[in-house]
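These protein sequence lines map, in sequence, to chains A and B.
Using my numbering, you'd call the opening residue of the first sequence number 1 and step up by one each time.
Using my numbering, you'd call the opening residue of the second sequence number 1 and step up by one each time.
Just so you know, these hints were derived from the structure itself, not from any lab.
Predicted, not measured: the structure shown is a model, and the values here were computed from it.
Check each hint, because a few of them may be wrong.
Copies of the same chain look alike in the list, so a pair counts if it works inside one copy or between any two.
[Unchecked claim] With a cut-off of at most 16 Å between alpha-carbon atoms, the simulated EDC-like pairs for lysine to aspartate or glutamate come out as follows:
| # | residue 1 | residue 2 |
| --- | --- | --- |
| 1 | K397 | D231 |
| 2 | K196 | E146 |
| 3 | K4 | D95 |
| 4 | K11 | E74 |
| 5 | K11 | D70 |
Number of protein chains: 2
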Amino acid sequence: MATKASLKTPKGTRDWVGQNVHLRDDILRTITTVLERHGGTPFDTPVFELRSILAEKYGEESRLIYNLEDQGGEACSLRYDLTVPFARWLSTRSDVQHVKRYQVANVYRRDQPVISRGRLREFYHGHLRPMIPDAEILCIIAEVFEALKIGVTVKLNDRKVLDGLFEVAGVSTDKVRTVSSAVDKLDKAPWDEVRKELLEKGLSDEVADRVGSYVQRSGELREMIKRLESDAELATNARLGGGLADMKLLASYLEAMDVADKVSFDLSLARGLDYYTGLIYEVVVVEDNDGQSPPPQVGSIAAGGRYDDLVGMYGWRPLPCVGLSFGIDRIFTLLDARRKKKQKSGGPDLRVQAEVYIMAFGDGDGFDGLLTERMRVARQLWSAGVRAEFSAKVRPKPQEQFNASDGVPVAVILGQEELEAGQVRVKRLHVGDRNVQVKDKGQLVPMEGLVAEVKKLLASTASD
Amino acid sequence: MATKASLKTPKGTRDWVGQNVHLRDDILRTITTVLERHGGTPFDTPVFELRSILAEKYGEESRLIYNLEDQGGEACSLRYDLTVPFARWLSTRSDVQHVKRYQVANVYRRDQPVISRGRLREFYHGHLRPMIPDAEILCIIAEVFEALKIGVTVKLNDRKVLDGLFEVAGVSTDKVRTVSSAVDKLDKAPWDEVRKELLEKGLSDEVADRVGSYVQRSGELREMIKRLESDAELATNARLGGGLADMKLLASYLEAMDVADKVSFDLSLARGLDYYTGLIYEVVVVEDNDGQSPPPQVGSIAAGGRYDDLVGMYGWRPLPCVGLSFGIDRIFTLLDARRKKKQKSGGPDLRVQAEVYIMAFGDGDGFDGLLTERMRVARQLWSAGVRAEFSAKVRPKPQEQFNASDGVPVAVILGQEELEAGQVRVKRLHVGDRNVQVKDKGQLVPMEGLVAEVKKLLASTASD
Numbered sequence: 001m002a003t004k005a006s007l008k009t010p011k012g013t014r015d016w017v018g019q020n021v022h023l024r025d026d027i028l029r030t031i032t033t034v035l036e037r038h039g040g041t042p043f044d045t046p047v048f049e050l051r052s053i054l055a056e057k058y059g060e061e062s063r064l065i066y067n068l069e070d071q072g073g074e075a076c077s078l079r080y081d082l083t084v085p086f087a088r089w090l091s092t093r094s095d096v097q098h099v100k101r102y103q104v105a106n107v108y109r110r111d112q113p114v115i116s117r118g119r120l121r122e123f124y125h126g127h128l129r130p131m132i133p134d135a136e137i138l139c140i141i142a143e144v145f146e147a148l149k150i151g152v153t154v155k156l157n158d159r160k161v162l163d164g165l166f167e168v169a170g171v172s173t174d175k176v177r178t179v180s181s182a183v184d185k186l187d188k189a190p191w192d193e194v195r196k197e198l199l200e201k202g203l204s205d206e207v208a209d210r211v212g213s214y215v216q217r218s219g220e221l222r223e224m225i226k227r228l229e230s231d232a233e234l235a236t237n238a239r240l241g242g243g244l245a246d247m248k249l250l251a252s253y254l255e256a257m258d259v260a261d262k263v264s265f266d267l268s269l270a271r272g273l274d275y276y277t278g279l280i281y282e283v284v285v286v287e288d289n290d291g292q293s294p295p296p297q298v299g300s301i302a303a304g305g306r307y308d309d310l311v312g313m314y315g316w317r318p319l320p321c322v323g324l325s326f327g328i329d330r331i332f333t334l335l336d337a338r339r340k341k342k343q344k345s346g347g348p349d350l351r352v353q354a355e356v357y358i359m360a361f362g363d364g365d366g367f368d369g370l371l372t373e374r375m376r377v378a379r380q381l382w383s384a385g386v387r388a389e390f391s392a393k394v395r396p397k398p399q400e401q402f403n404a405s406d407g408v409p410v411a412v413i414l415g416q417e418e419l420e421a422g423q424v425r426v427k428r429l430h431v432g433d434r435n436v437q438v439k440d441k442g443q444l445v446p447m448e449g450l451v452a453e454v455k456k457l458l459a460s461t462a463s464d
Numbered sequence: 001m002a003t004k005a006s007l008k009t010p011k012g013t014r015d016w017v018g019q020n021v022h023l024r025d026d027i028l029r030t031i032t033t034v035l036e037r038h039g040g041t042p043f044d045t046p047v048f049e050l051r052s053i054l055a056e057k058y059g060e061e062s063r064l065i066y067n068l069e070d071q072g073g074e075a076c077s078l079r080y081d082l083t084v085p086f087a088r089w090l091s092t093r094s095d096v097q098h099v100k101r102y103q104v105a106n107v108y109r110r111d112q113p114v115i116s117r118g119r120l121r122e123f124y125h126g127h128l129r130p131m132i133p134d135a136e137i138l139c140i141i142a143e144v145f146e147a148l149k150i151g152v153t154v155k156l157n158d159r160k161v162l163d164g165l166f167e168v169a170g171v172s173t174d175k176v177r178t179v180s181s182a183v184d185k186l187d188k189a190p191w192d193e194v195r196k197e198l199l200e201k202g203l204s205d206e207v208a209d210r211v212g213s214y215v216q217r218s219g220e221l222r223e224m225i226k227r228l229e230s231d232a233e234l235a236t237n238a239r240l241g242g243g244l245a246d247m248k249l250l251a252s253y254l255e256a257m258d259v260a261d262k263v264s265f266d267l268s269l270a271r272g273l274d275y276y277t278g279l280i281y282e283v284v285v286v287e288d289n290d291g292q293s294p295p296p297q298v299g300s301i302a303a304g305g306r307y308d309d310l311v312g313m314y315g316w317r318p319l320p321c322v323g324l325s326f327g328i329d330r331i332f333t334l335l336d337a338r339r340k341k342k343q344k345s346g347g348p349d350l351r352v353q354a355e356v357y358i359m360a361f362g363d364g365d366g367f368d369g370l371l372t373e374r375m376r377v378a379r380q381l382w383s384a385g386v387r388a389e390f391s392a393k394v395r396p397k398p399q400e401q402f403n404a405s406d407g408v409p410v411a412v413i414l415g416q417e418e419l420e421a422g423q424v425r426v427k428r429l430h431v432g433d434r435n436v437q438v439k440d441k442g443q444l445v446p447m448e449g450l451v452a453e454v455k456k457l458l459a460s461t462a463s464d
């Protein structure tokens, strides 16, 4: 016999049941609606890719990739994100110059401690003028979280600005990405810890402190741009200057789209992945719009950026892209907490309520339960699109059938005599009111009129 | 530079784009609607399971399981079907006595030649009286393929009948499952080939021929039951007798549910998997209901059966189950062929048609393209749920904007003068009619009335 512990799902994964799936699907539908409004077309890729496709795309995170065992076929790995598979597809589709695509899928990362990564949903543009698609993505973020009623701030930064800062601070070119990875931890760890990591990575005390003095700044977009422009030392760096020019363009677009008040320019935002080349962003929760604050701590619930070189890395053609990914599991955690506060129900509800319960009553030993007759009626109702149920017993007792119909709005009642006359009884079920229940015998209708009568009754209960 | 060949998806997998995803989603939605009508609740499990969960569940097919590489964590494998993960879940949920669940998910099999297995969707019952849920599953099959307009036959058999036949034919108990696997190939291979395999598996010529004389029979359900009952030799086998009694019960239920004419009792149907214990079925296409026959050869498009012992194999509690799985990829292939016959379009359409195209016109060098004004209008329309687009150029040419708006029903036109007066032009686009197009200057509306006017125009074009 297997132990119960051995009958679990693998670490970091879970089963989804009933209401939880419905909530997850609601979230996905809300996001898709916004993406399709912006011209998004759906896209799907395999759960595993050739290992070579994923190689050298993720920097230090590459060690977290799940590989498939060598069983004599191609060397494959589970997808680590949805960006690289999309870039792989774009790299050979020379007929596609511009596409907005979205994808709903799980990604797999061997994190320690293992956490559930859930589904992501991403959205991309192809070749377009700088900052225009970037601004549209930020507008999409605003629309999605308005629709989900989650108050958010979008932290922005730009890889060109960040790399420029590191240059000015004295970080050597070969250390820029690894310093970037360390700095990205500032949202979870204090500066002292990050500083220690920078020293371990070979930075001098002086350089580390200069990095620290820059990356701990954040604030309103226009104001931060002004502060950085007025810094004489930074003004000498061409790369940083290019990044700031982009940010100014972006600021004007965000003001036009009325989303400027949703963003903050945060120099500590670095994003771990290697492939970003320009604007990067992460969405954090600031308040739960139902007024119940503080919301659960879930980290960033959406993130993305511009990756202009990734498609070109496959050697066939360059194609600038911007992308965005929603952390569906984290959004689920937020909204599930909100739902639970409201309903206080225990566990996922597995039962889907039927609209009609089909019963059979009869007297004595001669009564055979009318099973096939109940089936015949069920089939008629199913064919008419009605959710109908009946007892799976051959001769169910009356009380059993009453209990099973608890909460179902309409009953169809079969009796031997009525059937012989080509009739059935259709009755509204009055929840919790035994007296009404017993007095109300329902209505005799001819078998041919059954479906119409049931639909009429259902419509009247719905309008109560 | 990577070769183009190295930029493909792994063998047996594919990318899904645009219209193809929409068609697949339509199929899934059609099936879900039927399943929810029958009380189905959605369910989802991880893409990989602990390897021990999958062990000894699939007989000879076990060698087709994909394993994850040992990277220092738990030993895991990709799910091979959706039945075993569900049984794993049920085995420890002692609070669940009866559940109808469905799951939409991919499964992974290392077949040679590798073929795409796509998504499956399954539906299960828990503890219920024999043949009642089985009959409901067959009714669900009928409803689903009626809704999809695909003409089908459901091939039925029963493991007890089949095992009984093998016993009477002289197959030793230890060879029953392997003989069963060989016989199951009769839908693709001629009897001579299957016979050869049986001899290789150690059957004598005589036993093989007796097996052959039985399993090549098929026909209408009641008629086949009668034929088998009247066979004096078979009548002596208790197991076969039990199976036939079940089949008679099933026949009466199917007649009541008006699906008896959809089924055929086929003694060659064996199903490869170890875990079936009673009724088994496979759905094959007989005609494409649009009258275009013959349909593409796709093999069985749905299949399932009763597995009363699988949950108990985990050692915690027994729970009889019946299940059904739809081969979504194969159904997709059928319906995609039908769609292509109708529309003769080339390749998947990546573009989602906008409802409104926002243009800007102006004269001479002083015209700045009104980009942020176009963005402001776009944001208003997006917030109102309207699919709106604009050129991602700073100063787009008139002709470029006309070309980009091809097929879009409504244009919003911005001009410097109108904007200064707080106005924009809203215009219906007349596809392909240049003269009407040039004459119709559209309508000047105040900026505040823009959204309402656009919605009015969209409603009027929709009703054309």
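Status of each hint after checking the structure:
no. : hint          : result
1   : K397 <-> D231 : neither (85 Å within a copy, 39 Å between copies)
2   : K196 <-> E146 : neither (40 Å within a copy, 67 Å between copies)
3   : K4 <-> D95    : between (53 Å within a copy, 15 Å between copies)
4   : K11 <-> E74   : between (26 Å within a copy, 8 Å between copies)
5   : K11 <-> D70   : between (22 Å within a copy, 14 Å between copies)
When each numbered hint is compared with the structure, violations occur for hints 1, 2.
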